[in-house]
Structures are given as structure tokens and as C-alpha cells.
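For chain P, the structure is supplied; the task is to place chain H on it using the hints.
2 protein chains.
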Amino acid sequence: MSTRIAILIFDELTALDAIGPYEVLSRIPGVELRFVAREPGVKRTDTGALGMEADLALGDLPDPDVLLVPGGQGNRPLLEDDEVLDWLRAVHEGTTWTTSVCTGSLVLAAAGILHGKHATTHWAYMDRLEELGAVPVQERVVEDGKILTAAGVSAGIDMALTLAARMAGDTVAQAIQLGIEYDPDPPFDSGSPDKAPPELVDLIRSSEG
Amino acid sequence: MSTRIAILIFDELTALDAIGPYEVLSRIPGVELRFVAREPGVKRTDTGALGMEADLALGDLPDPDVLLVPGGQGNRPLLEDDEVLDWLRAVHEGTTWTTSVCTGSLVLAAAGILHGKHATTHWAYMDRLEELGAVPVQERVVEDGKILTAAGVSAGIDMALTLAARMAGDTVAQAIQLGIEYDPDPPFDSGSPDKAPPELVDLIRSSEG
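From first to last, the protein sequence lines stand for chains P and H.
With my numbering applied, the first sequence corresponds to residues 240 to 448, in that order.
With my numbering applied, the second sequence corresponds to residues 240 to 448, in that order.
Hints may contain errors.
Pairs involving identical chains hold if they fit within one copy or between any two copies, as the list cannot separate such chains.
[Unchecked claim] Think about it this way: if two alpha-carbon atoms lie no more than 20 angstroms apart in a straight line, the pair counts; the simulated SDA-like pairs of lysine to any residue are:
1) 385 / 278
2) 434 / 408
3) 434 / 411
4) 385 / 355
FYI, nobody ran anything at the bench for these hints, they're computed from the structure.
Bound-form chain P, shown alone (with noise of 0.2 angstroms):
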């Protein structure tokens, strides 16, 4: 039997979000990923310049064992969307792992999921975390139970290994990280807002919420 992992795609999704944890989860062995979507096709991401395709329907996947819900300003509307919170509150029931990248908590929350828990998101989106119920903490990923919560879009990665030596211990973990090489070295070290020069914090803060 394969472990089999649930990613949930939308319009206007963040692709990053989606495929940093594809790209380290898919190379687990004995996984099954696959990508699900409340209508199956392809779904254009935020920026409009890249189609994603969804092979599966909600119905389709009722029982993964491990679901992720990356962000994006089109998860919006999955907010107040009852078929989405329906499955993602029936799929967490029988998960091993719930998981979450950037504002893909906010949709967590919204299905109660994250109710008291103690969870991350985007750095510009922490009180709307609070305000949906989880305890936010500005951690780049956060484990409560059996929830993984990542930071914005890239901590997805890193949330993805720590979940991978999780599932399949801390050597298929590491080698996955040499496999995709990475070992990061951004040119500036303006990563979060505690290091950034405090105006771009500011126009990133309000071009995003």
C-alpha cells in the first residue's frame, strides 16, 4: 500500500507553494502524490503566466493520508467555500499529516482545523491566522500534533523535509535534499521581516492582505 498525498490546487494558487513540498514529497518512495482540485483541469496560478493541472476531483481523493494546502490570493474564496471545508474537515479525520504552506493555513483555520492549534503563514498574514482561531507563531515551520504549518511560499521546502524524515526517517530526508541540491545561498539575506530593510516590509505588508 502507498502513502498517498492529497495537494489541493485552485486558481490563482501560488505556485511555488505547491511545488517546493511536490518536488521533496514525490521523491519519498512507495508515495503516491497526485493534485486535486474542487473541479479537475488546469487552474492558472497568481500570476496568470503558468497553467497547473488538477487530475482528480475532491470526490476522487476522500481519504489521503497526507493532504497540503499551499496559498495564494485565490484561496480566498475557499474560505467560505462549503464543499472545499467539507472534504479538507472529512480528509483531516483519517490523515497521518495535515500540512500547509503560506496562506494555506488561513484555509486550515477557516475549516476549523486549526482551532487552538499552534500554526504559521505568511509573516503579513499572522492576524488573520489569529483572528480564524489558530495561535500563531512566526516560526518557518510549526508542528502541532499531526499538523505541519509553513511560512510563506519557499518554507514549504523546508517544512517538506522535516515532514519527509517524519514519514520516512532522517536518511531518505537528507537524500532527498542532496537530490535536489539544496543548499541555499540567496544573495541577500532579506528573507523575513526581521531582516529586510523595514520599507520593503511595508510595501510588501501592503500589497499583500
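Frame of chain P; chain H shown alone:
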């Protein structure tokens, strides 16, 4: 006039090779980023789990300002595909920047674009890059004139931030880094062959190539 960026995709590409840079470069103000392929339509990634859509054929975009070639086992046929190699050579004549991620540099090399140039690739493919006429350099991002090449898979994010700074200035690149919260913190330090356990290096080397 917008700056036009073309990302070449194909069946059995490695998704993160393309999507890491896409997520950075598409956020540069004034760019128009498009996915192109030998034939337009949905391409399946190397795991088989994802379809990514190319909106344009090669002939639809004969003169992009920036070219990016990702890697993945599916690019092996491209090394001998005259239609693709001719397009790459013609495009490179007019680009401001010609770039690759992972084994995408092997395709640039097969087109003769890297002859005598310093370049990099996934660490397991350095010998192959040299066979194809480039001067291999085991660094995360290598710049030689207008050619920027990145090491394996995830290195495309670092390359794209470097490129964003060249194209639009350091402040724009830093704002993008903050927007995608790229403050990497992997749970292990095994992302390069110098740092990973030797048995994992052997394992990955034998499964690639």
C-alpha cells in the same frame, strides 16, 4: 515595452527547476513571463504526478529577452533535437540573459552556447557538462558574460534572485525575497556533495546519470 522571459518546458522536466525561478522572475515589475515548448500543451513532469501547461510554441516567441532552460531527464532528447537547438541558438543571439537550472545547462551546451564558457549544473553531471564543451564550475550560481547557470534543482531560486538584481536592482530582488519569505532553514545540512554523508552521495550519483 515589457521584458519578455521564456521558460522552455518539456515532458519529464523537473518542476522545481522551472517553478523556483518562475516564482522570483514573474514578480519583477514589467516582465512578461511565458512557458514555451516544442509543441504547446500540457507537459507531465518527471515524477508523472503533475501537468504543466506550455501556452506557446517555440515559433510563437522567437526573441525573448531572457531565456531559461530547466533540467530533468526529459531534456535528454533535446540534446539531439535540431528544432530545439536551432531555436536556442537563434534566441541566444538576441537575449539580454541566457540562463539554465540543473541539467538545463547540458541543453545549452549541446546547442554550442556554453563552448568555452564557465558554467554549472547538478553536481552529479559535472563530467557531462565538460564533455559538451563547457568549463564546469562547482558553484551554486555561475555567471559568464550574459550567461547565468544554476546548480541542481533548488539552486534556480538563488540564480533567479541574482538575475532579478541584475535586471531590476538589489531593492527589487530583496523585496521579492521578502515576498516569498526566502529565509531558508533546512532541517539538515546535506544539500551538497561536500556536506552530505558519502553513502548518500554515491546513492544519488548512481541513480542519476
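Evaluation of the provided hints:
no.	hint	verdict
1	385 / 278	neither (27 angstroms within a copy, 43 angstroms between copies)
2	434 / 408	between (32 angstroms within a copy, 18 angstroms between copies)
3	434 / 411	between (32 angstroms within a copy, 15 angstroms between copies)
4	385 / 355	within (14 angstroms within a copy, 52 angstroms between copies)
Of the numbered hints stated above, the single one contradicted by the structure is hint 1.
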